[in-house]
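**Student:** Protein chains in written order, with this note's numbering: chain A, 54 to 444; chain B, 674 to 932.
Don't read these hints as lab results, they were simulated from the structure. Quick caveat, the model's predicted, so the values are computed rather than measured. You may find that some hints are simply not true.
[What the hints assert, rightly or not] Pairs of lysine-lysine, DSS-like flavour, derived with a Cα cap of 27 angstroms:
#, chain 1, residue 1, chain 2, residue 2
1, B, K906, A, K333
2, A, K182, B, K869
3, B, K853, B, K675
4, B, K921, B, K906
5, B, K863, B, K721
6, A, K173, B, K863
7, A, K182, B, K906
8, A, K354, A, K343
9, A, K182, B, K675
10, A, K182, B, K921
11, B, K721, B, K869
12, B, K675, B, K921
13, B, K853, B, K819
14, A, K182, B, K863
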Amino acid sequence: MTNQPIAPLALFAIDSLLSEEERAIRDVVRGFVDTQIRPSIADWFETGTIPARELALELGALGVLGMHLEGYGCAGTSAVAYGLACTELEAGDSGIRSLVSVQGSLAMYAIHAFGSEEHKEAWLPRMAKGEAIGCFGLTEADFGSNPSGMRTTASKDGADWLLNGSKMWITNGNVADVAVVWAQTEDGIRGFVVPTDTPGFQANEIKRKMSLRASVTSELVFTDMRLPHSAMLPGVRGLKGPLSCLNEARFGIVFGTMGAARDCLETAISYAIDREQFDKPIAAYQLTQKKFADMELELGKGMLLALHLGRLKDQHALSPEQISLGKLNNAREALDIARECRSILGGNGITLEYPVIRHMNNLESVFTYEGTNEMHTLVIGQALTGIAAYR
Amino acid sequence: MKIAVCVKQVPDTWAEKRLRADDSTLDREAADGVMNELDEYAVEEALKLVEAHGGEVVVVSMGPDRAGETVRKALSMGADSGIHLVDDSLHGSDALATSYALATVLAGRDFDLIIFGSESTDARMSVVPAMVAERLDLAQLTFAQKVDVIGDTVTIERLADYGFDTVTASLPAVISVVEKINEPRYPSFKGIMAAKKKPVETLSVADAGLDASKIGASAAWSGVADFAARPPKSAGVVVADDGDGGLKIADFLTNQKFI
Ligand SMILES: Cc1cc2nc3c(=O)[nH]c(=O)nc-3n(C[C@H](O)[C@H](O)[C@H](O)COP(=O)(O)OP(=O)(O)OC[C@H]3O[C@@H](n4cnc5c(N)ncnc54)[C@H](O)[C@@H]3O)c2cc1C
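Just chain B, with the same shape it has in the complex (with noise of 0.2 angstroms):
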């Protein structure tokens, strides 16, 4: 079985974030940059897929110069191969032009699943992996718990705020999956020292043949127009129970449109 595993580098979840001031977009720089934790998640299954069924793990990230960081600690964690997507004219790319890009990278390489986490912690809007499904007109099995794989059909549960759906389709085929899905492993030492030596494939916006009036900030389609730090925390409200302090608190959180 042949995967790719598309990870992201976000800045470290507890970092604070910052918009840049000139382009209004997130400040890269300004935090440590760490593999999006979901996308942790997403390279455990394919590692748990190839051990049971044998193949090949592939991870692929579109991001600056520091997120091959990212791609290695995937090959540390026991992927095969990398192939990282790095131009400066992809900056500011929205998650279509995101689709596009990992689509056309990913297009033509014979992959019989393509994971992905369901969310990334800076953006946040979980389309990305239905995007690329989309663009490859391949079937998407999305919010995966549980992946099975048998013979060319894969299975998922799909989370459901009910519980979960049993989904099934045949490969190839586009996943994303959530945190309850598995335990991602530490790498090993041998794994952090093995993946300087694993080959990371490293294409430009020309290299991947991309249409360059598609991506990057100028290609958006949304656009931040202004942004504002949050206020610093008030004080707070202190309810005093003179025998009404439920009734007082009631109203605060109707007041406040939380019930």
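Chain A on its own, in the form it takes in the complex (with noise of 0.2 angstroms):
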């Protein structure tokens, strides 16, 4: 007997938690990814390249960049509405959600957060708009999950700053205007505000990537680069800075990687449907049933999290802890649910015309970064027993 399936979120009944102007913003998130991204992200992915200035135009004149502060050009909607946006340009793509965070949650918000009115006034318009792109580097490279280490220096020559070091990892670093960088200074670790046309500032692109290759990834370099006094960001002193940045992306990630698993999880099961084996479709075989129906499980869960979380910081009581909860969980799980997914396509799971390798592969990076999986453990197993495990 067979009836009409249910799409894996229907069966949640996940729509009944929004509210109709978050139906309204996804879908149009949704109808954008559709037209502008799915029919070349298999390429830019293939060619590891992207149309980044384009691209951000669009996302701007969509409102998505930065959508979720006030003021500046930004549109001001609710974190949950900023989080399903996440889902979905994720359902399309780890690298253009990444694109999106990195501008929004990072650069953007480290600017509105922690800078001055100059500052806002100068950037946070313009990358509303996505007529300037924003980068955000914290990692170096031996400092990643242990960023206080780091060795990037701010000191005072004069009236002006200058920076001497590098960073590594930082996504849009060759496409980008600006550069949120933090350095060390003589009072603890501070944020500075660097337009990327500064003198002594390089940015190298990183290839041979084997994931997010629909997203610019590069080495910063700095040498003797003369900032004004201006440029550091006056509002925040200390690690504090880029991680409350940090935990703004990460909450974007907690939405993000279920769009990416419900894409891997709808494709499978069209897949599955239509794929015949032994005379039957594939998706008729009770192991083929198990799998989606534990996918299925932790998809909803995944999604009832995330939703949880973003009425939490709606209603400012979102605790970086329980973050780490969101971003744990959901890495996790998307990337099993990519694997097992690409398992279920067989030969044609390890192609890109399907987009599920495609997602496996990227989830590998958005497991890794904003947190690794081993960090968010740590934190939680802090926040449980009260002692800290990092050292």
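Now that you have both chains on their own, put them together as the hints suggest.
**Tutor:** Right, dumping it as structure tokens:
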């Protein structure tokens, strides 16, 4: 006996948890991804190129860049609406969601939360429109999970700052107009707003990636890079500056990963219904159905968790540890779902004709960046026991 | 310029459409509702005209409660206000009754232009714009692929099999648009959030001053006597090409009256 199949998130009645406005925003982003991303994304991934400038302008016109921020040309949506936009963008590709996360949650958020009025006026309206692209330099080659050890320094030279050092794995690095760079100073870690045409700034693109190929990743090198005193972000000192930005971006990932997972599961289900082996659709075998049922549970639970965290965030009641719950769970489960779906597609699963292996490879980066699986495990461990186990 | 755009909520284009067992009308609960696609083009054209000439766009919809979503979609695209005619007694209205109801709501509101999509994906009759124009005694410029307003005249390119006709009328007038006319915008997030605060006038049949005997299923001039599901696809015919494949295909097409 056969019925009309129900879509994975419809089975969880996820839409019943969303307001009409949230659904409207979600639908607009979904429409954008369908028409502007899906037709080209496999090519961008294969060639390792992405029309970042044009895309940024389109995303700006759509309103997603810094959409959850208030003022300065930003839309000022709820956190849940921002999360749902991330879900749709990442259902297209994690690289596109990364572009948006870094722009809105890392670079724009840092300027919005900690910048001077001049920083905000100079950059935020242009960044919201996508006319200016931002990047965020925290990680260094030798300091990833432990950014507090960073070696990039900013020292006083008269009224100016002189920055020296380098940053690694910086999303949007080569296409950015402005970089938010974190460096050691005499009074701790401080952030700097750096126009990328500043003499002494250099960006080198990281090649040969097997993941997030539709996203620009770079090394940034600063050699006696001179900045005016006003380049420093006045509003924050210490690691809590960059960490609060990361919390914003991680929040987007909690939602985003479920988009990639949903796209994998939907692809695998429709493939399995069409694909026949031993005279039956492979979807008709109990082994396949168990895979689907297990993945469905994780997808739905992950989405429910994301929405729960989103509601907390909209009430300003979301803690960093709770974001870790979401990042750890959803990045991990999305990666598992992608791998399982890859296997269901058999040989076709290894090609870019289907989105699954692309999502699977992308999710390896998502699993690692913004705090690795292990780091979030230790955050939760510390929350539960009171004991920090990082060192 | 004051422009009205009439929009209809229809079942999602991709959804399987069903008729209700009780009264053979379209089951509007069975599928998600969306704005009729061509109506998006109508909204877009109205917004463009107002951007060029100034003025306001009022979106008008007749439909059940949830058609309010479609009104709000138009508001989120940029329309200024909405009118939602909603009443249980409108259920089952045919094209004549719909045009009567819309014309009554539109009359006396001083619109310079009333814009429609040229057909709805659920009914596909393309007659309501013309009927509304007749009832309001306004010029009708239907199937427009281009609209220009100059002073108090409006000129359209009316799509035809052989190309297009250029048709001009003085304002006020009724226009229906085809897909070629423009590329509807996505609502921006700011637009979506602003839509909540824009005024929507909700009218019942009594508020609108409609004659109850002219609307609803009982007033319809046509009815569905019976319906049946389309039979499942049959296996199809495989033509083996033994040198006469072309002839066999031609015969097949002739038998099916395709050629
Ligand atoms: C595609 C991509 C884009 C990125 N974009 C940006 C960006 O825009 N800006 C930016 O600043 N950074 C960015 N990053 C950097 C990213 O945040 C780091 O890669 C991440 O924090 C991990 O650091 P690492 O690579 O140095 O790994 P390491 O810190 O060396 O970790 C390696 C492994 O050791 C484990 N480990 C480390 N310490 C411990 C411990 N105490 N206990 C147990 N296990 C431990 C880790 O969990 C991991 O499994 C990006 C990375 C990638 C891959």
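**Student:** Please go over all the hints and tell whether each is borne out by the structure.
**Tutor:** Structure-based check of all given hints:
1. K906/B to K333/A: It holds: about 19 angstroms lies between the C-alpha atoms, which stays within 27 angstroms.
2. K182/A to K869/B: holds (23 angstroms)
3. K853/B to K675/B: Roughly 24 angstroms separates the two Cα atoms, so the pair holds.
4. K921/B to K906/B: Distance of about 21 angstroms is within 27 angstroms: holds.
5. K863/B to K721/B: holds (18 angstroms)
6. K173/A to K863/B: Since the Cα atoms of K173/A and K863/B sit roughly 20 angstroms apart, the hinted pair holds (cutoff 27 angstroms).
7. K182/A to K906/B: violated (50 angstroms)
8. K354/A to K343/A: Holds, at roughly 17 angstroms.
9. K182/A to K675/B: This hinted pair is violated, its Cα atoms lying about 31 angstroms apart.
10. K182/A to K921/B: violated (60 angstroms)
11. K721/B to K869/B: holds (22 angstroms)
12. K675/B to K921/B: violated (60 angstroms)
13. K853/B to K819/B: holds (8 angstroms)
14. K182/A to K863/B: holds (13 angstroms)
When the structure is compared with the earlier hints, violations turn up for hints 7, 9, 10, 12 and for no others.
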